[in-house]
Amino acid sequence: MIAESMYQELILEHYKHPQGRGLRDPFDAEVHHVNPTCGDEITLRVKVDEGKVLDVSYEGQGCSISQAAASVLHELATGSTVEESLGVVDEFTRLMQGRGQVEADEDVLGDAVAFAGVAKYPARVKCALLSWMAYKDAVVRSA
Amino acid sequence: MFDVDLIRKDFPVLSRELSGGRPLVYLDSGNSSQKPLQVIDTMRDHLAHHYSNVGRAHHTLGAESTAAYEDARDLIAAFVGAPSRDEIIFTKNASEALNLVAYAFGNPIATDERFRVGPGDEIVISEMEHHSNIVPWQLLAQRTGATLRWFKVTDEGRLDLGDLDDLVNERTKIVSIVHQSNVLGTINSVSPILARAREVGALMMLDASQSVPHMPVDVTELDVDFVAFTGHKMVGPSGIGVLWGRRELLEAMPPFLGGGEMIEAVWMDRSTYAPIPHKFEAGTPPIVEAIGLGAAVKYLTGIGMDDVKAHEKTLTEYALGALGEIPALTFIGPRTAISRGGTISFTLKNLSGDDIHPHDVGQVLDDAFGIAVRVGHHCARPLHLRFGIPATTRASLYLYNTTDEIDALARGLHHVQKVFG
Ligand SMILES: Cc1ncc(COP(=O)(O)O)c(C=O)c1O
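One line per chain: the protein sequences are A and B, in this order. Just so we're aligned, residue 1 is where the first sequence starts under the numbering used here, counting upward by one. Just so we're aligned, residue 144 is where the second sequence starts under the numbering used here, counting upward by one.
Hint data in this document are derived by calculation from the structure and do not stem from the laboratory. Be careful, since some hints might not be right.
Stated by the list, open to error - With a straight-line cut-off of 35 Å between C-alpha atoms, the simulated DSBU-like cross-links for lysine-lysine are:
# : chain 1 : residue 1 : chain 2 : residue 2
1 : A       : 120       : B       : 492
2 : B       : 456       : B       : 235
3 : A       : 126       : B       : 561
4 : A       : 120       : B       : 295
5 : A       : 126       : B       : 295
Claimed, not checked - The following label-pair restraints were derived from C-beta to C-beta distances:
#  : chain 1 : residue 1 : chain 2 : residue 2 : range
6  : A       : 90        : B       : 192       : 51 to 61 Å
7  : B       : 531       : A       : 32        : 17 to 27 Å
8  : A       : 123       : B       : 557       : 42 to 52 Å
9  : B       : 531       : A       : 17        : 39 to 49 Å
10 : A       : 101       : B       : 531       : 35 to 45 Å
11 : B       : 557       : A       : 13        : 13 to 23 Å
To be verified - So, partial list: chain B residues that the calculated Cβ filter (under 10 Å) puts toward chain A:
#  : residue
12 : 145
13 : 403
14 : 407
15 : 409
16 : 497
17 : 499
18 : 507
19 : 524
20 : 527
21 : 533
22 : 534
23 : 564
Note that the Cβ used here is the ideal one computed from N, Cα and C, for glycine as well.
Sequences and hints are given; from them, build the entire structure.
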């Protein structure tokens, strides 16, 4: 079964038990991103203080990949510095856009490495990237 | 005798095994159908032995290509009961056929009153249209200041004709409606709408992209003014579609695209145009594709469209039964096989009642079982908005599908519910 390479246990875990879901106050920026091809959407807020990410909160609807990606993002970004987290976003983006040919840097990506299988499905890459792009946007706007 | 096992042998791809030993279960013919050897061989043979440009090449190959291209027009005219072969216009797809008609309206070159459109005039479509039968009319409304109006859809997925007399009125210039919905499967009843259109002097077009492939369609019997359909959904190749229109209207319409072949004589400052159908076929057409579509309708005629329809009705009844037994599956569209084709859309929840996104449904069906369905809004976003859902999963059936494949789908959906349980 090929599906197992995409629906890693970790992805399904995050999908079924999303971390940090729900919109919280206080926040510095809120963004709303949609994936027009499938209607997935996310509203995402960030709270940043002196270069540190205090909270990433979100609400959205969509497939397991987009929902799990938001949950993993929350875990990785919250508590890290803005700079570190943007480094993870860049590495995640590189992995997702690599058409399955890119070797993931596990040290940088942590749990997000579970999404490596998604990169082989061009139609699903946008699902995985939705919340991560929203996060990048929110961080820029919070500055 | 309709024998699905024999039919399947005509379609080489249907015996394909996908990686991991998954047999292909193709339930996405509403999106695009597979092609039989009869079509593939006809196209290959033409390319290998007869190909040249049509109309303008004065040599043996030119004559052979032109004959084959025009023979295809005859075959298609007969297939849809067109009173005249000249009324069959080759386009690149159904979308182009719909645009061709939409651009005839509100065009200052058009002198015929029926094609004049301006502020105060109205265009009527429905909420169950494919984007191809929405956007061209939106553009027409924007160009001319006319008003776009639409029929609503009932919860069962039928056209709501409750306000027919209000919607189609003396201001209406054209009503353009889908014959069979590509999401709901609903087959719309044309006659009440047509009767009202006639009463108020409006023209009527049918988007028959999903009906011509699946049932006998006779344009003379339908008695509408324009019909659009597309080759790739009816075992023909992509790149070729058809507009049928009444001769008298096609003659009154301005040309759509200008170029070679569509002219009679050209001066530096003006041109006169070729008679139909060539008036609407500017430039070198999709020659081999048209010939392939000719082979496709020959193939379908050989099998018999009544039998194709009957087979699909049996499959649709079976599928509505089998899928209807899956807990937490909701059909979007009629739940009975009455006035309904084999396009079956649905949403699915897991056994705890959480939605499973169609992308996840489609991915697991494909990856685990080799089942090809379509997921998303199927180019009918307004219809999905009407039902308050972002997307559906759609299984669409054709002459080569079997009840075994529907059983495979049902098993696959149970598995999906476990994965996302
Ligand atoms: C009902 C309907 N109308 C129009 C179209 C457009 O067909 P094409 O993309 O070949 O122009 C389709 C298919 O996609 C369809 O299902």
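Hints, verified against the model:
1. A:120 - B:492: 26 Å, holds
2. B:456 - B:235: This hinted pair holds, its Cα atoms lying about 30 Å apart.
3. A:126 - B:561: Holds: residue 126 of chain A and residue 561 of chain B sit about 25 Å apart, inside 35 Å.
4. A:120 - B:295: 40 Å, violated
5. A:126 - B:295: 33 Å, holds
6. A:90 - B:192: 51 to 61 Å: Holds, at about 56 Å.
7. B:531 - A:32: 17 to 27 Å: 19 Å, holds
8. A:123 - B:557: 42 to 52 Å: 24 Å, violated
9. B:531 - A:17: 39 to 49 Å: 26 Å, violated
10. A:101 - B:531: 35 to 45 Å: With Cβ atoms ~40 Å apart, the hint holds.
11. B:557 - A:13: 13 to 23 Å: 22 Å Cβ-Cβ, so the 13 to 23 Å window holds.
12. 145: Interface hint status for residue 145 of chain B: violated (35 Å vs cutoff 10 Å).
13. 403: 37 Å, violated
14. 407: Violated, about 45 Å.
15. 409: For residue 409 of chain B, the interface hint is violated, since the closest Cβ of chain A sits about 43 Å away, which is over 10 Å.
16. 497: Holds: closest Cβ of chain A sits about 9 Å from residue 497 of chain B, inside 10 Å.
17. 499: OK, holds: residue 499 of chain B within 10 Å of chain A, min 8 Å.
18. 507: Because about 5 Å separates residue 507 of chain B from the closest Cβ in chain A, which is inside the 10 Å limit, the hint holds.
19. 524: 8 Å, holds
20. 527: For residue 527 of chain B, the interface hint holds, since the closest Cβ of chain A sits about 8 Å away, which is under 10 Å.
21. 533: With a minimum Cβ separation of about 3 Å from chain A (threshold 10 Å), the hint on residue 533 of chain B holds.
22. 534: 6 Å, holds
23. 564: Given a least distance of 9 Å, the restraint on residue 564 of chain B holds.
In terms of the numbered hints stated before, the structure departs from hints 4, 8, 9, 12, 13, 14, 15, listed from lowest to highest.
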